[in-house]
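There are 2 protein chains.
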Amino acid sequence: MLLRIAATLLLAAPAFAQTPVTEAARAYREAHEVAILAETMDFLRLPNNAANREDILANARHIVGLMEARGIEARILEAGDASPAVYGELDVPGATRTLMLYTHYDGQPVEPENWTSDPYEPIVRAGRLEDGAEIVEDPLSGEIDPDWRIYARSSSDDKSPLVAILHAIDALRAAGIGPNVNIRFFLEGEEEAGSPHLRALLETHRDLLQSDLWLIADGPIDTRGDPRVLVGVRGVTSMQLTVHGAERVLHSGHYGNVAPNPAARLAHLISSMRDATGRVLIDGFYDDVLPISDAARRYLDAGAFDEDSLLSEPGIARTEWGPGGLYGEAVMVPALNVLGLDAGAVGAGTRNAIPDRATAAIGFRVVPNMSLDRLRDNVRAHIEGEGYLVLDREPTHEERLQHPMIAELHWSSAGYEAASTEAGHPLIGHLVDLVDAASERPVRVVPLLGGSLPLAPISEVTQTPFAIVPIVNPDNSQHAPNENLRIGNLWDGIELYAAILADDWASD
Amino acid sequence: MLLRIAATLLLAAPAFAQTPVTEAARAYREAHEVAILAETMDFLRLPNNAANREDILANARHIVGLMEARGIEARILEAGDASPAVYGELDVPGATRTLMLYTHYDGQPVEPENWTSDPYEPIVRAGRLEDGAEIVEDPLSGEIDPDWRIYARSSSDDKSPLVAILHAIDALRAAGIGPNVNIRFFLEGEEEAGSPHLRALLETHRDLLQSDLWLIADGPIDTRGDPRVLVGVRGVTSMQLTVHGAERVLHSGHYGNVAPNPAARLAHLISSMRDATGRVLIDGFYDDVLPISDAARRYLDAGAFDEDSLLSEPGIARTEWGPGGLYGEAVMVPALNVLGLDAGAVGAGTRNAIPDRATAAIGFRVVPNMSLDRLRDNVRAHIEGEGYLVLDREPTHEERLQHPMIAELHWSSAGYEAASTEAGHPLIGHLVDLVDAASERPVRVVPLLGGSLPLAPISEVTQTPFAIVPIVNPDNSQHAPNENLRIGNLWDGIELYAAILADDWASD
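Residue numbers (the numbering used here), protein chains in the order written: chain F, 1 to 508; chain R, 1 to 508.
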């Protein structure tokens with residue numbers, strides 16, 4: 001079903017279409033566009049920075065209202081001082097399967113001075129701001145162009161997917177054709193703050209959170225405009241690694257060849273950890289990495305990623321891994337990323353001085369079945385194996401005189417593990433078929449996203465498969481100023497979720 | 001004569017003493033301390049930032065006045081738009097040898113807000129500012145403590161050595177015992193600006209500048225308080241080396257293992273250029289380096305440097321070179337110093353992003369007989385040999401897509417070559433004997449200073465041996481705020497230069 005259609009055809013064709021279910025959803029949407037847009041804009045008017053608990057609570061209560069208006073049993077879930085999650089329950093008589101729908105309703109903090117309009121006062125433009133599109137003064141007065149965009153914080157990340165789901169349910173009911181699967185909602189209120197209490201919330205409310213599949217409605221569709229299903233994400237952690245030199249900055253003439261050069265040593269240490277193609281040289285680093293499964297391989301080969309433009313657009317001659325390997329393969333292996341280097345000064349500020357220290361910020365992207373604890377142990381053992389005394393503080397004068405090589409290591413507290421569902425899982429196959437049937441464009445299945453989402457707690461606590469089914473435009477500027485949603489993506493999302501919720505999921 | 005006397009004895013003994021010449025110089029100084037101090041302070045009241053030509057000219061005219069008052073023929077030497085040098089000539093009937101005395105009268109720029117007193121209004125303190133020494137309200141009213149310090153820009157670097165030389169001449173004349181060698185002065189007015197016109201001045205006035213030996217009166221004595229003679233300096237140059245990655249900063253999850261990591265590549269490049277002990281791996285780097293001569297070796301073995309405290313004071317366990325080699329040997333080989341690293345961000349600013357570039361500032365300290373041109377060629381060839389396209393500008397989008405590895409290289413325009421006189425030169429041996437005889441403390445002979453001074457033009461244009469004979473205290477804070485001179489060092493300097501100028505230098 002992973003048919004790839006010529007690009008020229010694709011561009012001419014409507015994005016989604018053509019099962020009875022999606023046709024019904026489209027008809028419903030066409031009849032209710034103004035109301036759907038109005039509801040979306042009302043939702044976006046609620047500030048939702050996770051740091052402001054009152055704002056988060058206001059959003060949670062608003063969502064409870066949206067659900068109760070639809071007869072969905074809704075409640076606010078608390079766990080300690082966590083920002084609350086919103087839970088919702090909709091049982092369908094006779095349904096044997098249950099889908100857990102996940103979105104988050106908090107948003108990244110905003111710097112209003114960098115926006116062209118108030119991030120919490122949604123406006124509609126007749127296209128992309130970058131293309132000079134003007135503001136549509138009264139977008140609720142008549143026909144709505146699907147290429148219009150709503151500019152507001154969380155318009156794409158991640159309020160609109162919930163709007164799409166709720167209107168998919170409305171559409172199915174209006175047509176009398178669904179939903180045909182039990183639905184649960186778990187809507188998080190602090191995802192953008194790093195989900196600090198997600199595990200606690202899941203554990204506290206474990207009994208409520210039973211389902212057959214978690215569907216994560218977050219993130220963008222494929223850059224080619226194709227729908228996609230993602231079944232894994234890399235995990236992430238990072239460390240600050242400082243190599244110490246002399247106790248103070250020293251004259252590069254009087255001390256060149258005499259004082260240890262911490263910048264050169266850091267370069268050696270980095271080179272000892274990672275070869276020129278990104279292959280990590282730390283003992284044990286790859287021990288727990290599983291081979292790419294046959295199912296994952298098939299999805300990669302079918303064009304999981306837009307290989308060419310992912311490289312050429314940002315001016316990359318070839319992938320580091322390999323070198324010249326597939327993008328999709330490169331992100332299925334763990335990565336050591338040097339995120340920053342700092343020592344002395346460069347450019348106009350350069351001094352003829354040997355720095356007293358050199359620091360690298362090093363990030364790791366880990367893949368399923370790896371353990372961050374083991375990774376941290378391996379990294380420390382590697383640095384010690386290179387001859388360093390490893391401290392978690394400045395060395396003393398005495399330590400400096402005793403130990404020719406001293407490093408200081410601090411791990412970030414913000415890391416989390418990778419998570420994935422095996423690409424060959426039957427429910428994943430069923431989901432991919434549904435998405436594929438709902439669209440004229442080929443579905444792109446991503447076995448493992450290079451980026452990270454904190455899905456490991458969901459996977460570990462609930463022991464339930466998950467898949468990410470995004471709807472928003474890739475150029476939505478999520479996390480940045482002037483975040484936006486292409487309205488056509490919301491329309492398509494309603495059809496896509498209608499297709500998923502109209503199925504009874506019982507055929508497997 | 002390189003006798004080393006036990007430190008306890010040294011501390012009890014007067015610093016200089018005890019030839020008839022030095023006794024005569026001391027007696028003269030003791031009788032004229034207030035006048036000498038007053039003359040020094042008057043000289044220091046003249047601002048001397050080389051960027052202000054009028055100030056430099058005022059200093060030059062003041063110096064001409066000081067010389068003419070002593071019957072020294074003096075004139076201002078110009079060459080194009082160079083800050084002028086001051087030239088002086090004092091012939092001695094019957095003398096067969098000529099010494100060229102070099103100091104510079106310009107000073108480093110000042111940041112007055114970082115000084116505790118006006119840098120151009122000298123004050124005297126009853127000791128070190130760091131030890132809380134109070135200002136001496138009327139230092140010219142009576143007895144002067146040699147541990148008092150004058151605080152002013154150029155008090156040590158480099159006005160007081162000229163004062164010492166002029167009063168050494170006064171002292172010899174007063175005692176009727178000299179000078180016994182022809183004296184020439186070449187006093188530079190833009191040394192702290194990097195001596196941009198030194199070569200032009202020397203070439204323009206080549207006929208005037210004939211001598212048997214250049215004596216450079218600049219820099220501090222040994223940290224152990226011993227007099228020293230230095231016969232070589234390393235040269236210096238530096239480069240900015242940038243490794244380019246993708247055209248923009250990329251997400252470390254979506255692009256980790258995909259986008260080239262310029263920081264990791266820079267680490268590899270640095271590691272390919274320099275091993276962990278400072279040994280440079282660039283082809284040809286050491287080709288022109290001469291072996292350490294027997295004379296130089298003897299001076300090193302006799303304690304040219306205060307090996308222990310040079311390492312232990314700034315917390316260094318062992319020299320990088322070797323590792324664990326002698327300080328004196330380590331600075332006799334050329335060095336590759338990583339002066340700075342910059343890529344992305346570290347610490348609190350760390351982002352999960354792959355930087356688009358990584359830059360290292362890399363300095364080289366070169367030794368006599370090396371060529372900076374050849375060095376630059378070798379470095380470029382090395383980087384190309386590592387697979388890089390080397391540019392002197394940003395790459396274009398097309399170049400990025402064609403060349404997986406691109407570096408950008410910029411050399412500093414401020415470099416200069418090393419310079420030295422062979423430690424076994426007969427005039428050097430004679431000078432060392434004179435300095436040694438003039439002091440109860442052992443003279444320390446430094447075959448090659450790790451730091452750099454722009455002496456190569458002197459050596460190359462005049463084809464005359466040179467030696468540096470410093471007098472000022474090592475803790476003088478040269479180039480920094482609160483530069484100071486210990487007055488006892490000025491007193492000792494008068495005796496030392498008297499000993500040098502009383503000799504007829506004809507015995508060799």
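FYI, nobody ran anything at the bench for these hints, they're computed from the structure.
Certain hints may be false.
[Unchecked claim] If we take Cβ atoms under 10 Å as the criterion, some of the chain F residues that face chain R in the derived model are:
id	residue
1	Gly94
2	Leu202
3	His205
4	Leu250
5	Gly256
6	Ser309
7	Asn337
8	Ala353
9	Thr462
[To be verified] Derived coverage of chain R by chain F (criterion: at least 3 residues anywhere in the stretch with Cβ under 8 Å from a Cβ of chain F; other residues may be distant):
id	region
10	93-99
11	238-250
12	302-312
Glycine included, C-beta positions come from ideal geometry on N, C-alpha and C.
Do the hints match the structure? See the list:
1. Taking 10 Å as the C-beta contact cut-off toward chain R, the hint placing glycine 94 of chain F at the interface is violated, the least distance being around 42 Å.
2. Checking leucine 202 of chain F against chain R: minimum C-beta separation of about 23 Å lies over 10 Å; hint violated.
3. Hint status for histidine 205 of chain F: violated, given a least beta-carbon distance of 29 Å to chain R, over 10 Å.
4. This hint holds: leucine 250 of chain F has a C-beta 6 Å from the nearest C-beta of chain R, less than the 10 Å allowed.
5. Taking 10 Å as the C-beta cut-off, the interface hint given for glycine 256 of chain F holds, the closest approach to chain R being about 3 Å.
6. At about 12 Å, the closest approach between the beta carbon of serine 309 of chain F and any beta carbon in chain R exceeds 10 Å, and the interface hint on this residue is violated.
7. For asparagine 337 of chain F, the shortest C-beta to C-beta distance to chain R is roughly 4 Å, which falls under 10 Å, so the interface hint holds.
8. Evaluation of the alanine 353 of chain F hint against chain R yields a held restraint, the C-beta minimum of about 6 Å falling below 10 Å.
9. Below 10 Å, beta-carbon pairs count as interface contacts, and threonine 462 of chain F has none with chain R, the closest being about 23 Å; its hint is therefore violated.
10. Here's how the region 93-99 of chain R fares: 0 of its residues keep a CB closer than 8 Å to some CB of chain F, so the rule of at least three is not met and the hint is violated.
11. Only when three residues or more bring their CB closer than 8 Å to a CB of chain F does the claim for the region 238-250 of chain R stand; here the count is 6, and the claim holds.
12. Residues of the region 302-312 of chain R with a Cβ under 8 Å from some Cβ of chain F number 3, which satisfies the need for three, so the listed coverage holds.
Hint check: violations occur at hints 1, 2, 3, 6, 9, 10; the rest are consistent with the structure.
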